[in-house]
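Colleague: Construct the entire structure; sequences and hints are all you get.
Number of protein chains: 4
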Amino acid sequence: MATIASKVAPNTQAFSASRLERFDRVRQFSLDQVTPLSVEDMGLQAMANVSPPKWHLAHTSWFFETMVLEAFEPDFEPFNPLFRHLFNSYYETVGTFHRRDQRGLLSRPSVAEILDYRANIEQRLHQLSNNSDDQTWAEIADLVMLGTHHEQQHQELLFTDTLYNFSQNPMNPAYASPTTPSLGHIPNKSTDQPLALNYLRFDGGLQFIGNSNEQFCFDNETPRHQSFLQPFRLANRLITNGEYLTFIEAGGYQTAKHWLSDGWATIQNNNWLRPIYWQRSDSGWQQFGLLGLRPLNLLAPVCHLSYFEADAYARWAGKRLPSEAEWEHAAESQSAANSHSRPANLAESNQLITVPCDHGEGLLQLYGDVWEWTASPYSPYPGFKIPAGPVGEYNGKFMCNQLVLKGGSCVTPADHIRTSYRNFFPADARWQFSGLRLADGID
Amino acid sequence: MATIASKVAPNTQAFSASRLERFDRVRQFSLDQVTPLSVEDMGLQAMANVSPPKWHLAHTSWFFETMVLEAFEPDFEPFNPLFRHLFNSYYETVGTFHRRDQRGLLSRPSVAEILDYRANIEQRLHQLSNNSDDQTWAEIADLVMLGTHHEQQHQELLFTDTLYNFSQNPMNPAYASPTTPSLGHIPNKSTDQPLALNYLRFDGGLQFIGNSNEQFCFDNETPRHQSFLQPFRLANRLITNGEYLTFIEAGGYQTAKHWLSDGWATIQNNNWLRPIYWQRSDSGWQQFGLLGLRPLNLLAPVCHLSYFEADAYARWAGKRLPSEAEWEHAAESQSAANSHSRPANLAESNQLITVPCDHGEGLLQLYGDVWEWTASPYSPYPGFKIPAGPVGEYNGKFMCNQLVLKGGSCVTPADHIRTSYRNFFPADARWQFSGLRLADGID
Amino acid sequence: MATIASKVAPNTQAFSASRLERFDRVRQFSLDQVTPLSVEDMGLQAMANVSPPKWHLAHTSWFFETMVLEAFEPDFEPFNPLFRHLFNSYYETVGTFHRRDQRGLLSRPSVAEILDYRANIEQRLHQLSNNSDDQTWAEIADLVMLGTHHEQQHQELLFTDTLYNFSQNPMNPAYASPTTPSLGHIPNKSTDQPLALNYLRFDGGLQFIGNSNEQFCFDNETPRHQSFLQPFRLANRLITNGEYLTFIEAGGYQTAKHWLSDGWATIQNNNWLRPIYWQRSDSGWQQFGLLGLRPLNLLAPVCHLSYFEADAYARWAGKRLPSEAEWEHAAESQSAANSHSRPANLAESNQLITVPCDHGEGLLQLYGDVWEWTASPYSPYPGFKIPAGPVGEYNGKFMCNQLVLKGGSCVTPADHIRTSYRNFFPADARWQFSGLRLADGID
Amino acid sequence: MATIASKVAPNTQAFSASRLERFDRVRQFSLDQVTPLSVEDMGLQAMANVSPPKWHLAHTSWFFETMVLEAFEPDFEPFNPLFRHLFNSYYETVGTFHRRDQRGLLSRPSVAEILDYRANIEQRLHQLSNNSDDQTWAEIADLVMLGTHHEQQHQELLFTDTLYNFSQNPMNPAYASPTTPSLGHIPNKSTDQPLALNYLRFDGGLQFIGNSNEQFCFDNETPRHQSFLQPFRLANRLITNGEYLTFIEAGGYQTAKHWLSDGWATIQNNNWLRPIYWQRSDSGWQQFGLLGLRPLNLLAPVCHLSYFEADAYARWAGKRLPSEAEWEHAAESQSAANSHSRPANLAESNQLITVPCDHGEGLLQLYGDVWEWTASPYSPYPGFKIPAGPVGEYNGKFMCNQLVLKGGSCVTPADHIRTSYRNFFPADARWQFSGLRLADGID
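Residue numbers (numbering that gives the first Met the number 0), protein chains in the order written: chain A, 0 to 442; chain B, 0 to 442; chain C, 0 to 442; chain D, 0 to 442.
Hints may be right or wrong, so weigh each one.
Identical chains share a label here; the pair holds if one copy fits it or two copies do between them.
Restricting the straight-line Cα-Cα distance to at most 25 Å, the calculated cross-link-like pairs of lysine-lysine (DSS-like) are [as the list claims (entries may be wrong)]:
#1 318 - 256
#2 256 - 384
#3 318 - 384
These are computed hints drawn from the structure, not numbers from a lab.
Modeller: If you want it as structure tokens, here you go:
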């Protein structure tokens, strides 16, 4: 299969390394990421909620062009005036945008043209950096930092979207082959057991959550503020595929009382009987993933759940999902004490799937593997102000009808995730790398 | 037009007055309420979200039959076994139920049969009361109390649903004629001005909200718990039709930046250009209401807004909606100090529409006129437990994708509303008596 | 249950009997027809394709008011100006009309007001007749005749629509009780056999079809014209429930090859597994009808089939449906020879359901019982001209995507049906009294 | 832009030229046809009714593999067992098939793999030919002939689908550049006039239509049979863009009386105000086509009309569309007499758009330019038999809710079109190269 890797010209300019080191690194990852994809894979959009890989590549460049170059480049000229429309996602203040559900119809511009577009934007960023004094650059740097985190979000989406796209193809395409020997071992035999599930107690009280803003964070993580918590308990690890299978086998999807009303309607109307990528075959349960169709790993964290499914599991188990504040407070409390035997399963591990929990103390798997659904609707923090200008549309206007997820997943870059990070999706979204950790009150 | 009033037999039994005084009073109000309706009006269901008036009458009886009589009546026999299915709303644990969007197709049972059903249930409740010792009755009384508040909720819905039903009829039917002389005066001339809008300051801090449970409350109002509030300011009164008209005339419905992303999509997809019951005629703005089509009263509180519209107005005004905790804390703070010059415009006022705010000090119009949208998603309070049995389905399973409204409306009975009362609707619901009060932070 | 019969004032005016005899008789039948219905039944509209009984009563009056009175009455004043909009069905040249799918929301005007409207129109028609000289009346009479046949069409629709409305009610309301003793005998035992199915040969050739226009007919039956027919054979009787059951039991609904492509998609998408009103119970097959839920009569003609189902049955049976020209030519050929042992099962028989075929010679059951689907799309006859004025919208604009049915049904008035009559419905319509007769070519 | 042409290996085998000459030629045209397309264009499916170009390439190969090789090849092995599912269009008797509306999601197999598939099938066809005696080949040859005509149908669809796909891209991609100098001249000035429209008289009578089957034809063109025609008149040429523009400017799309009821609903519900590919710009009317966005040629035949639009134009013009039998009889009558000054504008002209009519006598533009909508529903001819086996699903099951079009278009291969050819599409289809010729009766 033809890949696009060979078409990427090496970047030979002399960059101002310190200013654009992160930028260069993040941009390169996007290109590395699409190496296993064919030109044809790059155009796929299997539902309105996903975007074609090539669109992600173009949109992340559009972001730098529109938010940085247009504001700071002398004699700014757009690379292609039509791209302002085609690769705008949802920024009403920037102008019109192409219909979201028709991004997959853009066979033109080609992948090659989009790669040219990327290279052009990068070259101009470097030129801008070379020509900017420190004071101007200080202004620019914040937007560039935002742009790199924006691109990292789209890198995760490129993974989730590709997985969904591939799941609609009866040929079961695999994005990659297993990269580590350990993955060859699928510990789903009855003798294998997950690490014991236990609950850590937290006293609650008046606690700070949110970002104190010393390093980069998104606007929605601010302002840091006090929140009052009742005492609570939080599970030491994520729920596994095996545990979720028990819920299924106990009739979980057939029992209304476990479900929110909207959740029950959702699974009935769409005939959901199991997590989105699970299949039952003659040889047992299988899961489709970025590594293709493989036997279900009963010890690995359950992944690609909607909020409705995570919540139903928790009710069935007699527990509940944690609130965002509980999760964040607990994570902050543990950060010093916590010594993992293995680094978090984030994008850098290159596993691309969830993996069983190592033995250890404290709160395990807080970061990586799966985004953990919280019970907290995505609302502005007290005192949150929407920034002026187009970047004001980045987060604020989505603070309705979504729920917060915490901790990043196996396809989240390590330098992109933070304790205060607030991911958010609607309750029925299940194509993300999303799972759950149980919580409980204290009577 | 034929009405159903004459078909209601007077209730001549000797009731145990103290035990069922509230029950009798609430039940009678349901009958009084449908007096102006024709038998044909009683069957209308103009959209899936509303129910026919006769269905409300039957369902509220079903509630007592299923939750009380079935549990406590010796030798319980259903009035009609099919009613268990037809008039179950959404109680999965009780059994099947008729499709919600087809309640309007039930020409049988007739209104007359449903009135018989009501009378039968009432008679059996009285018999049960007469035959119960105090200890048993204590158990029963809680469910009866719940049933009366349940019926009061449906009384409000019967008003809102009838208004929606009538709004779909080009004949513009009026539920009632104006009952008070004051309503004959529509103070919409340019010389009339609303009471000045100003903001009361609250210091916030760690405050209790929720119901302490000494009197009746719904489960969702509990447990009373502490919540930490930043200092904030709350407007002294509701936003008026005139103020909302200024928002419209300023292009509010054409300006994306005022709107949540979902809200902008909603008004675009449905071509919303004004509140649901507003019309523009040659002689100026009019509003359809329970009193028919009348000139828009610029001084009266704006009513029948969705959350999206209330939120957009607040953004346009440079303010925000209050959180539920802010509203409740402020309301508790004011309860002693507040001396209205006029009682709240609740159902007892029999105005059936919103009315201009009287002059006065403190927080005005806290109760009645319109349910006030808060910025708070409808979530369980910390420590909330879903009760066992069917009543557990009353509130808990709806705690997702809805927002809390406070304070009651002009069609809410006075003995039904409380400071801790949590009403909830999805963000796009606009057929309720819902409006807004502005809030603001303190920098 | 309250009925509306008592509200119908006797018509005591001295009518010009000869001119309006048919008018009076048809109008009276509409009133008789709704006698078993409650006021609440009168407002039902269980899907967009059906209309509430009261709307039928009003619309047929609107037709006379708009097409006759407005054109001929001196100083014409509308009964109610809004009725012109509310009770216009689809006449674009007359003006606007109420949304078809919202006719069920018109609780106002009431049934009583609509009955007043009917009486008023009738009184004015008589006055017009009394005041018209013969020449003027000759002009009027054609429109009055059209109006009576229009009303007869709506009388059949009132039956079909009421049946559909009632079928959506879990209480299984019956429009009427069996009126003849013979219906008490349900000959569905295995020993009962239908009259033998055999085929009559017709030589075809150049034959006339269409109406020669000496008596009343609709415009779509003209002009009478020649059509060339291949030799063909036509079955002596209709297909029975028992025969259709054999098709079902042979996997008819599970076998794609019997079905038109659109038909297969229709039954798959809507999960059709049997005719619309058939149910399988523990005690065997039942059919819901105007007489309520009754055991399936295996000897009676199968009824309420869509074209797709009729066509699939014919393919499965190795035959085909007749063309309209074949049916009409065969019927004309037989009209002299045919002597039924029993009159056709039309509305006057008051059976309201299909009944087994009597023994006899020739083509039996040509009229009544069920409308017979033909294979002929509903197209204009050669030379067909759309009449000028509103009546031009009566038939011509529907000549697309529908198929012709012939012969009338058990709810068609006898003086309304003709050999040349062209009924038409879309291929997926199955709430009509529609069935099939097989045809075959001659090799 | 990368094209796929270079990947097509030259076919160097020694073919049995006489047996597979047509096969080879048709197959080569498919490859030539996609030369201007990028790999990315090849996967586009902009609506459910169109298929991706690569899917057309694969499906036409699947047809030969399934209908020919599987039946006749000794030791048949599928090229890829999954292709049987992926590239089956709608043959229920062959087995399952991939969802029609998801053909655009098949990034795998790649274009390169599909070209390999094509080459493999071709090589095996040649091998089969080389190994078959004349008797066996006689059997095979009919299916091969069918397969080549099947492929030619898909070649036309590949053009129509690509045009639709490209029309959804704001970049307005052009499939090709104008190939003939004459196209550089757009004669849309007011001084240019089309050839005068006049009507040729035909006497009608009992005439034969359908194919006498001496050469190849589709089953739906048989049996040749007699049909009785009234005298009629048929226009000498097609209706032009300029004439259709007059209809638009006369308010054609705003006037209900010109339209069939379904047509009026269609244009209202979808907001159709002009033909699908027309745009109004500051510089006048433009039309998007395979040559990109160009000024509207007022003298060229109007193209890409739905039946509803063609029919409405005819009503507005006081004429009607011809029946299929009229068109076919007239075309047969003219075939000897007709001497065009220029060959028909079929695919071989490589114009890819409609062109103005040359001056001449008789019926002009009968073949090519646009498929001409007839008023005839697509029904089986008297005596039509559905063939046994999978090929029986080719035509017969679509004979419902479609209308017949005659004569071929500017993208129809010359050796694919015949007088008896019956193309068919639903009344609202407008992405085909479809237009109209007027007819009239004779009083």
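Colleague: Classify it for me, residue 318 with residue 384: is the Cα-Cα distance of at most 25 Å met within a copy, between copies, both or neither?
Modeller: between (35 Å within a copy, 11 Å between copies)
Colleague: Can you give me the call for residue 256 and residue 384, within, between, both or neither, at a CA distance of at most 25 Å?
Modeller: Between. Shortest inter-copy distance 14 Å satisfies the 25 Å Cα cut-off; intra-copy 39 Å does not.
Colleague: My question is about residue 318 and residue 256: at a cut-off of 25 Å on alpha-carbon distance, are they close within one copy, between copies, both, or neither?
Modeller: within (14 Å within a copy, 40 Å between copies)
Consistency note: the structure conflicts with none of the earlier hints.
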